[in-house]
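**Student:** Sequence:
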Amino acid sequence: MAWSKLDIIGEAFNEIGFGDYVFDTTPSQKQTALARLDAMMASWQDDGINTGYGVEDDPSADTITGDSGISQEYVRAVF
39 MAWSKLDIIG
49 EAFNEIGFGD
59 YVFDTTPSQK
69 QTALARLDAM
79 MASWQDDGIN
89 TGYGVEDDPS
99 ADTITGDSGI
109 SQEYVRAVF
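Under my numbering, the first residue of the sequence shown carries the number 39, and numbering increases by one thereafter.
Treat the hints with care, as some may be off.
What the hints assert, rightly or not - Across the chosen pairs, the derived CB separations fall in these ranges: (1) S66 to E111: 17 to 23 Å; (2) T63 to E94: 20 to 26 Å; (3) R114 to T63: 16 to 22 Å; (4) E94 to G55: 26 to 32 Å; (5) A77 to F56: 17 to 23 Å.
The hints are simulated quantities; they were obtained by calculation from the structure and are not laboratory data. Computed from a predicted model, the values in this text were never measured in an experiment. Idealized CB from N, CA, C, for every residue including glycine.
Construct the entire structure; sequences and hints are all you get.
**Tutor:** Following this line, the structure appears as structure tokens:
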């Protein structure tokens, strides 16, 4: 299964108890989560941790529904 960035964000919200099955997360909250995910993954890349995540140089070009590129073995650690 390919994990989209939205899938990763949804699982992260579930982990902290803010899943869509309980709370209606807004598009703005999801975009904020995407920016934080991008920042975290860029930091990991700088530290030599290559998960396969596609970090965009231009945040406006990033799509939340796009494939995260994260290898299956790293998905749990990311969310």
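**Student:** Give me the numbers of the hints this structure contradicts, sorted from smallest to largest.
**Tutor:** Violated: hint 1 alone.
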